[in-house]
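K.L.:
Here is what each chain is made of, one letter per residue.
There are 2 protein chains.
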Amino acid sequence: MSAAPVVNAPLDLAAWSQRHLARVEQALSRWVGEGAPAGLGEAMRYAVLDGGKRLRPLLVLAAEEAVCSGVAPDEAALRAQSDGAALRAACAVELIHAYSLVHDDMPCMDNDVLRRGKPTVHVQFGEAQALLAGDALQAFAFELLTPDDGSVPPAVQAVLCRLLARAAGSAGMAGGQAIDLASVGVALTEDQLRHMHRLKTGALLQGSVMMGVACGPADAQAHEALSDYGAVMGLAFQVVDDILDVVADSATLGKTAGKDAASDKPTYVSLLGLGNAQAYARELQVQAHAALARSGLADTRALAALADMVVDRTH
Amino acid sequence: MSAAPVVNAPLDLAAWSQRHLARVEQALSRWVGEGAPAGLGEAMRYAVLDGGKRLRPLLVLAAEEAVCSGVAPDEAALRAQSDGAALRAACAVELIHAYSLVHDDMPCMDNDVLRRGKPTVHVQFGEAQALLAGDALQAFAFELLTPDDGSVPPAVQAVLCRLLARAAGSAGMAGGQAIDLASVGVALTEDQLRHMHRLKTGALLQGSVMMGVACGPADAQAHEALSDYGAVMGLAFQVVDDILDVVADSATLGKTAGKDAASDKPTYVSLLGLGNAQAYARELQVQAHAALARSGLADTRALAALADMVVDRTH
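Those sequence lines, one after another, are chains A and B.
Going by the numbering used here, the residue at position 253 of the first sequence is 253; the numbering climbs one at a time, nothing skipped.
Going by the numbering used here, the residue at position 213 of the second sequence is 528; the numbering climbs one at a time, nothing skipped.
Simulated from the structure, these hints should not be mistaken for laboratory data.
It is possible that part of the hints are untrue.
Non-contacting residues of chain B with respect to chain A, defined by C-beta distances greater than 10 Å in every case (computed) [what the hints assert, rightly or not]: (1) G367; (2) E458; (3) R481; (4) V501; (5) V601; (6) G611.
Distance windows between CB atoms, simulated [to be verified]: (7) A:V6 x B:A353: 41 to 51 Å; (8) A:A182 x B:G366: 48 to 58 Å; (9) A:R30 x B:E505: 46 to 56 Å; (10) A:E224 x B:A470: 20 to 30 Å; (11) B:R628 x A:H223: 46 to 56 Å.
Predicted model only: the values in this text are computed from it and were never measured.
Here a beta-carbon is modelled for each residue, glycine too, at the ideal position from N, C-alpha and C.
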């Protein structure tokens, strides 16, 4: 694939995102809560639909698009299969993200009442239903990855489940949340803070990229470069999140701003200062582009644009 | 496999269970909490190790043994691969069961302080850690099913993940818990009660049997018969659970007895009366044996003995 001509024409990220998000929203709306008892299904849909930037699904789809950019146009069947797997993977990572927010907002965790400008799930449906909805969303993520209709090859299903389970579990997202929990009021070093965020936010963002890679054909060079890109994106996302918690207001964020400082949580801003945190975000942006440049893939424009979006975002 | 001679020699269930449980306990002790941050890993291990009847793992292993009972003794490699997959599946279903207990015991659900004679996880580690430990255990179940060491064929990994996700999710265990939640103080019909339990308890028990089946070779006849067996076992387990909640004391149960009546939850005993509930359990026991008899499998003694154990148990 390294031999494929590199595509340099400008990418309209807004149009690209809109096209892909339409597929994701439609799929989520069709799948989430289907077959669930009424109350539970409603809570699951409330937690997932009509909200969020959908960054993780976009990373899955952009990564799949990048690794497929070397596939010959006449291999339509291969491309369609890869696209189908990527759509499922995109929805699955969003379900994991959504469940983590539901549980994270609960009174025994962050006790947050506002999320994406709406009452949080436990406020709307009660704590017990919120707990169950989160649990059911996690299970459903793995159900989405393992269809029995022949649309996704079993070997791809197995890799997607492995990547998602590792990204979500105790050595990934849940582990990062546990470290976060234990670090309130504790002075962390930059290394410790980075380790916490690599697990808490980074694992699922990097996992999203690698799940997209797993849907299509990727050689070792592309695999390694996109893994680096994913790791950098995870860090960048968190650094910018910490910056926005300080500089943005609740209305723009769609959630309670200033929570980190109020709860005495260590952040990149509290550790590095605002100016250095902003400089660090720029440095990570450069690293993300450098990783894409060494991937050998023909078209990494969507991944590049997402890196810019993550660093330049205002909410 | 229908042609294989049926094995009739008596099975010593205690010895059989002891042999298989040793493998399960050793595997769980090796795997659970590995790579997790200290506090989280401790809570995960506390929730899983040294406790429980391990009925679900035993069902996995007994089902795998049954479907492999027609495999020629010289196919040692096939048998070893199947055994390895079954051990992972056995541990995975137990992780799902354990996580469900952790979340179920939390204050916003059943608010129980005693489980298996020990303080519940949230009492011991706090609510936030209990929530995260449950979440991490669910993810880890899918991680166990998807090793990248070549020990389990990808197609088997995919089927195991599919069965477990469906059994655990909104059309299975989590869905049943949601119906249970909504039915406190509500008069259910026997059909509604059966539907609730088919999801809440039955799905994972039947799923355990079918995961065992998926690890070995099974023809359509065996597949269907063991699916029936699993469904009947799920029901029988719950009927006996409801009976024990009335007739046993907390010390024998290792959890608070009389909870159902105290919380005004519908049960088979409240619906059918104690005598009829006991008769129903016996009828289900007969149905379980009948299903095994039509499986065409050479050796279903362990599954048969587990059916007897489920109905005759005193805790």
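K.L.:
Now tell me, hint by hint, if it's right for this structure.
P.N.:
These are the hints, each one checked on the structure:
no.	hint	verdict
1	G367	19 Å, holds
2	E458	4 Å, violated
3	R481	6 Å, violated
4	V501	13 Å, holds
5	V601	31 Å, holds
6	G611	24 Å, holds
7	A:V6 x B:A353: 41 to 51 Å	47 Å, holds
8	A:A182 x B:G366: 48 to 58 Å	25 Å, violated
9	A:R30 x B:E505: 46 to 56 Å	34 Å, violated
10	A:E224 x B:A470: 20 to 30 Å	27 Å, holds
11	B:R628 x A:H223: 46 to 56 Å	51 Å, holds
This entry does not satisfy hints 2, 3, 8, 9, going by the numbered hints stated previously.
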